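Going down the list, the protein sequences come from chains A and B. Quick note, this note's numbering runs 21 ahead of the 1-based positions in the first sequence. Quick note, this note's numbering runs 9 ahead of the 1-based positions in the second sequence.
Treat the hints with caution; some may be incorrect.
[Stated by the list, open to error] Below, a list of computed lysine-lysine pairs in the DSS-like style, where the Cα atoms sit at most 27 Å apart:
#1 LYS373/B <-> LYS402/B
#2 LYS107/A <-> LYS175/B
#3 LYS175/B <-> LYS136/B
#4 LYS175/B <-> LYS129/B
#5 LYS175/B <-> LYS213/B
#6 LYS129/B <-> LYS106/A
#7 LYS310/B <-> LYS386/B
#8 LYS136/B <-> LYS84/B
#9 LYS113/B <-> LYS218/B
#10 LYS294/B <-> LYS474/B
#11 LYS499/B <-> LYS314/B
#12 LYS291/B <-> LYS384/B
#13 LYS106/A <-> LYS170/B
#14 LYS103/B <-> LYS35/B
#15 LYS107/A <-> LYS396/B
#16 LYS106/A <-> LYS396/B
#17 LYS402/B <-> LYS435/B
#18 LYS106/A <-> LYS175/B
Just so you know, these hints were derived from the structure itself, not from any lab. Source: prediction; values computed, not measured.
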Amino acid sequence: MHILAFLIRRSAQAVIVMLVISVIGFSIQDQLGDPLRELVGQSVSEAERDAMRDRMGLNDPFWVQYFRFLGNAVHGDLGNSYFFKKPALDVILAKFPATFELVIGATLIFVSISIPAGVYCAINPRSLLARAIMGGSIIGISVPIFLTAIFLIWIFAVELGWMPSYGRGETVTLPWGWPTGFLTRDGLAHLVLPSISLASIMLPLFVRLIRAEMMETLGTEYVRFAWAKGLTARRVWFVHAFRNTLLPVVTVGGMQIGTLIAYTILTETVFQWPGMGFLFLEAVNRVDTPLIIAYIIVVGLIFVVVNTIVDLVYTLINPMVKLPGAQG
Amino acid sequence: MKFFRSITGAAVLAAVLAGAGIADAKTLKMAYDADPVSLDPHEQLSGGTLQLSHMLFDPLVRWTKDLGFEGRIAKSWERLDDVTVRFHLRQGVKFHSGNTLTAKDVKWTFDRLRTSPDFKGIFLPFKDMKIIDDHTVDLVTDGPFPLVLHDATYIFPMDSKFYEGKAEITKHGDSFASQHASGTGPFVITSREQGVRVEFTRFKDYWDKSSPGNVDKIIFTPIAEDPTRVAALLSGDVDFIAPVPPTDLERIDADPNVDLVTMTGTRIITLQMNQNRVEAFKDPKVRLAIVYAINNAGIAKKIMKGFGTAAGQMSPEGYLGYNEKLTPRFDLAKAQALMKEAGYGDGLSISMMCPNNRYVNDAKICEAAANMLAKIKIKVDLTTMPKAQYWPKFDERAADIMMIGWHSDTEDSANFYEFLSMTPNKDSGRGQYNSGNYSNAEVDRLTEASLLETDDAKRAEMLRKVEQIMYDEAAFVPLHWQDLSWAARKGVNIEAVVNVQNFPYLGDLVIK
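Work the whole structure out from these sequences, hints included.
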């Protein structure tokens, strides 16, 4: 029952978040540019453009436009993209699998590297390898992601010719309509470089975080007690210390999902990866306002969902922690 | 596993076919910076739409490399009188749907063009198209009009039976024509995922049997990011790219596996000085000083790295209005003297706005210009912004100096003056982009007259005169004509099919 109450509270929170985002999005839409410029040629007269603006409802006052939007949004209609001529929500959801798979690929990479690296650095802080890893992580944080991406394309696609230079490659559509790149060799090959680029943002952070947390945990009373009890090193490190390291890491990880999503915009653009991030950047360039607003609302929803999952995972890792607001 | 098997199967098949000596299918993998917005040729007047039109459709006539005309759907034409040009259409031309082209389709297309918000402006001078018989049409204009052939390059006959009842042109709705196409062009679309990939196959009943083109399949993928597009070409993932980002022109030129093709373009980049906002700009001496202070040859050499041709006027070489005496000017001493003469020896303080993602190196050019103006004591407050925000500002005339580039839809000089130099008139639409509010009655008169004069020699005189007047009065600051650029791997003979309009005639492309 606690979980049900918690979920209901979270849903209400999600709705509020999306409302606030939509108001903000709407109020800045005039500053984004003039969508008509992108829709018509240069020699079309001002009068024609004004007539079109009227027909599209863009000359109505702010609140009229906003409430029209809300009225439709309640039915799941976030407006039609000016460019794609299709419902904005459909366009975004169609690109969601591509972004999701990219994020999965990146997560697999940085989780499988940062955990061993971080734990190793915590256990042997003065070793040469540990020092090299920490030094390398500073480089990782300071190099902008698009530079990393272009550099990887350069070395592995142009110079060595091992990897493809852009795109998603072949996809296989699963029975429920999800196009996946994980099932073909071509799809996987196309996933490698973008996933590495995206992972390069999170790697330095997580290596350092895991190392720091682990070192702190290793210095606590109960760990010393475990050593005193004579437990094997493996048990002390991985059953006791590591599990407690995970808590703050998961919290930070949940918050970093936002960063990860933001960076998909850059990664996808460099690799011409047909995902939501690239879609959003093009929408901004084209002043495709319905698509822009729909995107930020969808991303807001993703945030809330992810943070909810993080909170639930929290209670799994540490049964002593109660769900927020679940008291009594 | 299935994938491996199909790959092996395809490899075996290819080997067998090659061994049997059957001509192998030539596939072209190409990447532009954007993919077609829509399959409806009348929806948007833009380079991308016209490039696609040349692939799926054929025009009545098209431009040749030396700015002449060659007949496509029209095999010949003659001027009957001051207001009528007769076109004789080829026989036996088939549409992708299987229907045969007749004059009815041409007229249907013409009528539809006049309802298109983007294209109707081009066809304003036309009264009607008359069907004389199944393979002859007459284009009739309201008065004597010299640009009939220029405008006929926009008439790409559409399959009227295919589109019957579903011919709506819509900008922000989903129309039949935006998703389906039937034309007479060399290629048919076999699959399309917007923003990701378009696949074309050669139309087996294509009318032009004399075309040397041997491309059977085209795989078109848009790559918006410049370095990625270049990497795709250099790594062999694509065979042909356009445009080539200016930062990579030298590198691609140097690469032995890739050919770089460049051409002087017909897009003029200019700065306009707003006379309503700055009193000083009303004085031609001040405007001349600005023109003399800006080293546009230097900009073309250093900033455009030679991939731009410095300009002293609007019309590029090859246009009727081009006047070879009007060369680019740069003389700092003269500029300073002019400023003193005009009474502005102490200088001025002005604002300037430029886009930063519309023209090649636009922001850098403006920064350079601002620095050059500082030398004649004109203090420039420069703001640059993305084109989405810039154009509304341009409409508002929000700064004292603003940048604008222009390419003539009709490949004719008069189009420049119509939009950029004539006195702004809300009703007629003249001077729509004349943000400087430059106004000269003689320029207005000559431009209007040139649009009614069908004799080329007389027209040339009028248009050259306009350029001279603008040059003498420094109506605007000419910078340069942007070069066009394309790159392809060796063996893809792109040089033969590109032109100054940037409509590569891919139907005629030969791959070795």
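Comparing the hints with the structure gives:
Straight-line distance between C-alpha atoms of LYS373/B and LYS402/B comes to about 19 Å, which keeps the hinted pair within the 27 Å bound. Proximity of LYS107/A to LYS175/B is assessed by CA-CA distance (about 18 Å); at most 27 Å being required, the pair is judged to hold. In summary, the hint linking LYS175/B to LYS136/B is supported, as the alpha carbons are separated by about 25 Å, within the 27 Å threshold. Pair hint LYS175/B plus LYS129/B holds up; C-alpha atoms about 20 Å apart against a cutoff of 27 Å.
For the given pair, LYS175/B sits about 26 Å from LYS213/B by alpha-carbon distance, which is consistent with the 27 Å threshold. At roughly 22 Å between alpha-carbon atoms, LYS129/B and LYS106/A fall within 27 Å of each other, so this suggested pair holds. Between LYS310/B and LYS386/B, the direct Cα distance comes to roughly 24 Å. Compliance with the 27 Å bound is thereby established for this hinted pair. Only pairs whose Cα atoms come within 27 Å are accepted, and LYS136/B paired with LYS84/B is accepted, the gap being roughly 23 Å.
A distance of roughly 24 Å separates the Cα atoms of LYS113/B and LYS218/B; the hinted pair therefore holds under the 27 Å criterion. Our distance criterion of 27 Å between C-alpha atoms is met by LYS294/B and LYS474/B, whose separation comes to about 20 Å. Simply put, LYS499/B and LYS314/B have alpha-carbon atoms about 24 Å apart, close enough for the 27 Å limit, and the pair holds. A hinted pair counts as satisfied when its Cα atoms are at most 27 Å apart, and LYS291/B with LYS384/B qualifies at roughly 21 Å.
Between LYS106/A and LYS170/B the CA atoms are separated by roughly 25 Å; this keeps the pair inside 27 Å, and the hint holds. Taken as a hint, the LYS103/B and LYS35/B pair is honoured in the structure, with Cα atoms around 23 Å apart against an allowance of 27 Å. For the suggested pair LYS107/A and LYS396/B, the alpha carbons sit about 24 Å apart, so the restraint of at most 27 Å is met. Note on LYS106/A and LYS396/B: the hinted pairing holds, with a Cα-Cα distance of about 22 Å set against a maximum of 27 Å.
In summary, the hint linking LYS402/B to LYS435/B is supported, as the alpha carbons are separated by about 18 Å, within the 27 Å threshold. At most 27 Å may separate the alpha-carbon atoms for a hinted pair to count; LYS106/A and LYS175/B meet this at roughly 17 Å.
In terms of the numbered hints stated before, the structure departs from none.
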